[in-house]
Amino acid sequence: MTEPHAQREHDPERTLERLRADRKVRAVAQAGSAGTEFAWAGSQPVFVTFERDLPAPRTDTRAGITTERFPYDRLEAWQDWEYARVDAPLALLATSRVAYDPTGHYGRIQRTLWNLSEPQLAAHREELLTAAHVRLEAAARDLTGPGHGVSPQVLALTEARRVALELLYPALLTRLHLWPEFEIRLPHAWRASAGLRFPKAVYRLEALYAFGGETEARRVLLATRGLGLLEQERRARAAFQAGYYDGAVRYLRDETARIHHADLPAWTHLTGARRDKLGTLLGVNHAPLGPAALEAATSLLDAVRQGT
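The numbering of the sequence shown is this note's numbering, which starts it at 1 and goes up by one.
What the hints contain is simulated information worked out from the structure, not anything from laboratory work.
Please note that a few of the clues may not be correct.
With beta-carbon atoms standing in for the labels, derived distance ranges [as the list claims (entries may be wrong)]:
hint: 1; residue 1: Glu166; residue 2: Arg18; range: 29 to 39 Å
hint: 2; residue 1: Asn285; residue 2: Glu118; range: 14 to 24 Å
hint: 3; residue 1: His148; residue 2: Gly212; range: 19 to 29 Å
hint: 4; residue 1: Pro146; residue 2: Glu37; range: 47 to 57 Å
In silico lysine to any residue, SDA-like type, Cα no more than 25 Å apart, as pairs [to be verified]:
hint: 5; residue 1: Lys24; residue 2: His124
hint: 6; residue 1: Lys24; residue 2: Pro55
hint: 7; residue 1: Lys24; residue 2: Thr61
hint: 8; residue 1: Lys200; residue 2: Glu181
hint: 9; residue 1: Lys200; residue 2: Gln306
hint: 10; residue 1: Lys200; residue 2: Glu118
hint: 11; residue 1: Lys24; residue 2: Glu37
hint: 12; residue 1: Lys24; residue 2: Leu90
hint: 13; residue 1: Lys200; residue 2: Glu295
hint: 14; residue 1: Lys200; residue 2: Arg235
hint: 15; residue 1: Lys200; residue 2: Leu186
hint: 16; residue 1: Lys200; residue 2: Phe182
hint: 17; residue 1: Lys24; residue 2: Leu92
hint: 18; residue 1: Lys200; residue 2: Gln241
hint: 19; residue 1: Lys200; residue 2: Glu127
hint: 20; residue 1: Lys200; residue 2: Ala123
hint: 21; residue 1: Lys200; residue 2: Pro288
hint: 22; residue 1: Lys24; residue 2: Glu13
hint: 23; residue 1: Lys24; residue 2: Arg108
hint: 24; residue 1: Lys200; residue 2: His148
hint: 25; residue 1: Lys200; residue 2: Gly213
hint: 26; residue 1: Lys200; residue 2: Leu178
hint: 27; residue 1: Lys24; residue 2: Tyr72
hint: 28; residue 1: Lys200; residue 2: His124
hint: 29; residue 1: Lys200; residue 2: Thr308
hint: 30; residue 1: Lys200; residue 2: Glu68
hint: 31; residue 1: Lys24; residue 2: Leu54
hint: 32; residue 1: Lys200; residue 2: His286
hint: 33; residue 1: Lys200; residue 2: Arg175
hint: 34; residue 1: Lys24; residue 2: Ala39
hint: 35; residue 1: Lys200; residue 2: Pro291
hint: 36; residue 1: Lys24; residue 2: Arg58
hint: 37; residue 1: Lys24; residue 2: Arg69
hint: 38; residue 1: Lys200; residue 2: His133
hint: 39; residue 1: Lys200; residue 2: Gly307
hint: 40; residue 1: Lys24; residue 2: His133
For each residue, glycine too, the CB sits at the ideal point set by N, CA and C.
From just these sequences and the hints, can you work out the full model?
Laid out in structure tokens, this is it:
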């Protein structure tokens with residue numbers, strides 16, 4: 001039985017009170033859908049803090065509450081777009097809801113991000129597209145061509161997805177002056193925010209993930225057994241039960257690639273059972289592999305650049 005004191009300690013409101021009272025904490029914001037009109041059964045509280053005497057950014061998760069912690073000097077530096085665009089978590093800062101900001105610095109960061117000029121947004125978009133192009137060219141050079149087997153084909157797929165999610169989708173949203181929110185319902189969010197304006201781009205983004213609705217989500221959830229994905233399976237099942245089937249699939253595809261990245265280069269040496277489970281989770285029987293995956297990502301890049 002959970003102690004009442006422990007329940008209070010891990011309550012989001014209590015966490016917010018504690019952070020506000022901490023003298024080292026100079027700004028606090030809440031991020032994600034928890035506590036908003038868009039909250040759902042799988043929403044998890046996320047706080048963003050800027051703290052004195054913190055040497056480097058850090059992520060802490062306790063009892064389902066995540067705190068993204070940043071050094072105090074970033075709170076001052078990231079008010080300048082030229083500094084922020086290099087290393088700030090732009091989407092997290094832009095979309096969070098300020099709860100404590102005695103200096104007003106957090107508010108100034110957000111005003112900077114939401115009031116970027118069209119030339120600034122275009123330049124940022126071009127930076128993201130250039131970075132994506134470089135990574136896709138490197139993947140084509142290292143993972144395709146004569147002598148490459150199955151492992152590089154799977155690695156090319158996972159790299160194509162990372163490039164699409166980390167660079168190309170954010171680049172697409174610069175055309176709408178929106179910032180992405182990376183949560184488990186992400187496919188549903190990108191359809192809602194960009195699907196009508198940019199159907200080709202969203203279609204190519206989804207093609208990389210080989211969504212299959214409820215049927216595919218069931219298959220993917222079953223494949224998590226025995227792979228050390230207990231927390232991921234729990235979160236994905238909450239999305240499934242809420243009807244976010246493609247969200248559950250996208251989340252498990254990316255989490256599997258992250259957690260089991262070391263298995264991918266040794267694909268042909270895995271046991272048949274392990275390879276089958278990982279293959280189902282990654283969608284290798286439905287998604288494009290190798291050069292086809294990189295070509296799909298390149299087509300997405302072109303669609304983002306053209307705004308289609």
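Hint-by-hint comparison with the structure:
| no. | hint | result |
| --- | --- | --- |
| 1 | Glu166 to Arg18: 29 to 39 Å | holds, 32 Å |
| 2 | Asn285 to Glu118: 14 to 24 Å | violated, 43 Å |
| 3 | His148 to Gly212: 19 to 29 Å | holds, 27 Å |
| 4 | Pro146 to Glu37: 47 to 57 Å | holds, 55 Å |
| 5 | Lys24 to His124 | violated, 33 Å |
| 6 | Lys24 to Pro55 | holds, 13 Å |
| 7 | Lys24 to Thr61 | holds, 19 Å |
| 8 | Lys200 to Glu181 | holds, 21 Å |
| 9 | Lys200 to Gln306 | holds, 10 Å |
| 10 | Lys200 to Glu118 | holds, 23 Å |
| 11 | Lys24 to Glu37 | violated, 31 Å |
| 12 | Lys24 to Leu90 | holds, 23 Å |
| 13 | Lys200 to Glu295 | holds, 14 Å |
| 14 | Lys200 to Arg235 | violated, 30 Å |
| 15 | Lys200 to Leu186 | holds, 17 Å |
| 16 | Lys200 to Phe182 | holds, 21 Å |
| 17 | Lys24 to Leu92 | holds, 21 Å |
| 18 | Lys200 to Gln241 | violated, 29 Å |
| 19 | Lys200 to Glu127 | holds, 21 Å |
| 20 | Lys200 to Ala123 | holds, 22 Å |
| 21 | Lys200 to Pro288 | holds, 17 Å |
| 22 | Lys24 to Glu13 | holds, 19 Å |
| 23 | Lys24 to Arg108 | holds, 20 Å |
| 24 | Lys200 to His148 | violated, 30 Å |
| 25 | Lys200 to Gly213 | holds, 20 Å |
| 26 | Lys200 to Leu178 | holds, 18 Å |
| 27 | Lys24 to Tyr72 | holds, 9 Å |
| 28 | Lys200 to His124 | holds, 21 Å |
| 29 | Lys200 to Thr308 | holds, 6 Å |
| 30 | Lys200 to Glu68 | violated, 34 Å |
| 31 | Lys24 to Leu54 | holds, 9 Å |
| 32 | Lys200 to His286 | holds, 19 Å |
| 33 | Lys200 to Arg175 | holds, 14 Å |
| 34 | Lys24 to Ala39 | violated, 30 Å |
| 35 | Lys200 to Pro291 | holds, 20 Å |
| 36 | Lys24 to Arg58 | holds, 15 Å |
| 37 | Lys24 to Arg69 | holds, 11 Å |
| 38 | Lys200 to His133 | holds, 18 Å |
| 39 | Lys200 to Gly307 | holds, 9 Å |
| 40 | Lys24 to His133 | violated, 41 Å |
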